[in-house]
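K.L.:
With chain V fixed as given, assemble chain C onto it according to the hints.
First to last, the protein sequences are chains V and C.
Take any residue in the first sequence, count from 1 to its spot, add 1: that is its number in our numbering.
Take any residue in the second sequence, count from 1 to its spot, add 1: that is its number in our numbering.
FYI, nobody ran anything at the bench for these hints, they're computed from the structure.
Misleading hints may appear alongside valid ones.
Which copy is meant is left open, so a pair is good if it fits within one copy or across any two.
Below are the DSBU-like pairs computed for lysine-lysine, each with C-alpha atoms no more than 35 Å apart in a straight line [claimed, not checked]:
hint	residue 1	residue 2
1	120	247
2	228	99
3	247	197
4	228	120
5	99	197
6	247	99
7	99	25
8	197	23
Protein chains: 2
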Amino acid sequence: MAEIVTGAMVVIGDEILSGRTKDKNIGHLADVLTAIGVDLREVRVVADEQDDIVAAVNALRSRYDYVFTTGGIGPTHDDITADSIAAAFGVPCDYDAKAYAMLEAHYAARGLDFTDARKRMARMPVGAVHIDNPVSMAPGFRIGNVHVMAGVPAIFQAMLDNVVPTLRSGAKLLSDMVHCPYGEGTIGDGLTAIQKAHPDTIIGSYPKYLDGRFWTELVVRSRDAGKLAAAKAEIESMLAGIAATKAS
Amino acid sequence: MAEIVTGAMVVIGDEILSGRTKDKNIGHLADVLTAIGVDLREVRVVADEQDDIVAAVNALRSRYDYVFTTGGIGPTHDDITADSIAAAFGVPCDYDAKAYAMLEAHYAARGLDFTDARKRMARMPVGAVHIDNPVSMAPGFRIGNVHVMAGVPAIFQAMLDNVVPTLRSGAKLLSDMVHCPYGEGTIGDGLTAIQKAHPDTIIGSYPKYLDGRFWTELVVRSRDAGKLAAAKAEIESMLAGIAATKAS
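With the rest of the complex left out, here is chain V (with noise of 0.2 Å):
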């Protein structure tokens, strides 16, 4: 019998307890653990308060083998999630030099100043290690078993599709890779359509911009290396077909 996995998640912000901005970030790891088989037990969404972050992190971390927070990692003075989740391990929150580095040398190389509010981004709980932002930079972190992620949605997705690799369940999570030569506004219907005929799969979807041209690099993962190929095989089917109608 497979191992069971659990997990929960916090979701921090002000915006989704008003209404203002409407959460799309628990349908999508509700989706994704469902597909590699840890089973979402629990989601709480809480304010920008500390002691109520604290709490259900420290709640939940107990209880479940992962948690994943969502949100409060940008650079305003009510982005308080590092802190807080440093708060919730008894460790200090403090710039970490890599970040920092990273950071610093993005926006020099885009000509912008490298604001106070825009270092604030660097901080993270002493010990915490990088999860990857392939859209912002700012990178996540994940201390102990708690992920720490953005809010925003692109750019949660693609930092989780960096944490799903380094999770235990049931079965290995295979990978395969389609490059595309276009971009996310060409390939998006058909990407989502496939990715709902291929529910056992996870399709990443990566813009990337140079000289002047878009591209997208595509990453199909199953623990089914069957499914997998299936999905990867319908991806390159629609890509001909974009290429077949542009050349005509």
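P.N.:
Below, chain C without anything else, positioned relative to chain V:
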């Protein structure tokens, strides 16, 4: 200074945690509570497990002024909300005479068997008060400060519209009605735009069907008489526009 009134929500359902169903009720409750001045402070999504439901409801009902639950009040074996709320309050859960009679009459009028499964929907914690369900009959209920409603968004929204006028909040909620001779399909998009343009109002839409024709009762609520009148005027102007189009 206006009194601060707080609320919390418990979303009950394995289907949300598995990702099969994407929750739409958190965002709606957040919008409604914000509009009437009740602060939504926390949301928990829990599985169809009595212990989890009891723990969430008891933690939240002691901390916040109001608790709102969605899900688990249907006819199937996994609908365990009524039993769980009764357990949370330490009272028996039994058939409610009024709900039983309503449902019995409802199914008799349609020539349908009043099966054990359907009878389940008449079970409530002893001492609970009905929350009317204008869509599908089976009532929700209130016990103490906990409001128990359906998970299907259209039904949840209709029940919540009946709960809102009973809630204590900073200012009296005003209400006005517009008779709409068209079905919801005709007015849906326009009404959505009007609701968006008037965030400090709550516009409820109640579909009706009589003698082979659809019509709709529209209810506008706000704490501000001027804002209520502005939203109502825009609805009336939309209806006049539809009438002109149909006549031409």
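K.L.:
Between copies, within a copy, both or neither: which fits residue 197 and residue 23 at Cα up to 35 Å?
P.N.:
both (22 Å within a copy, 14 Å between copies)
K.L.:
Could you figure out if residue 228 and residue 99 sit no more than 35 Å apart (CA to CA) within one copy, between two copies, both or neither?
P.N.:
neither (38 Å within a copy, 52 Å between copies)
K.L.:
Between copies, within a copy, both or neither: which fits residue 228 and residue 120 at Cα up to 35 Å?
P.N.:
This pair counts as neither: shortest intra-copy Cα distance 43 Å, inter-copy 43 Å.
K.L.:
Up to 35 Å between alpha-carbons, please classify residue 120 paired with residue 247: within, between, both or neither.
P.N.:
neither (44 Å within a copy, 60 Å between copies)
K.L.:
Are the CA atoms of residue 99 and residue 25 at most 35 Å apart within a copy, between copies, both, or neither?
P.N.:
within (30 Å within a copy, 39 Å between copies)
K.L.:
For the identical chains here, do residue 99 and residue 197 meet the 35 Å Cα criterion within one copy, between copies, both, or neither?
P.N.:
Intra 38 Å, inter 44 Å, cutoff 35 Å: neither.
K.L.:
When Cα atoms must be at most 35 Å apart, do residue 247 and residue 99 count as within-copy, between-copy, both, or neither?
P.N.:
Neither, since 43 Å and 65 Å both go past 35 Å.
K.L.:
Is the C-alpha distance from residue 247 to residue 197 at most 35 Å within one copy, between copies, in both cases, or in neither?
P.N.:
within (25 Å within a copy, 39 Å between copies)
Of the numbered hints listed earlier, those contradicted by the structure are 1, 2, 4, 5, 6.
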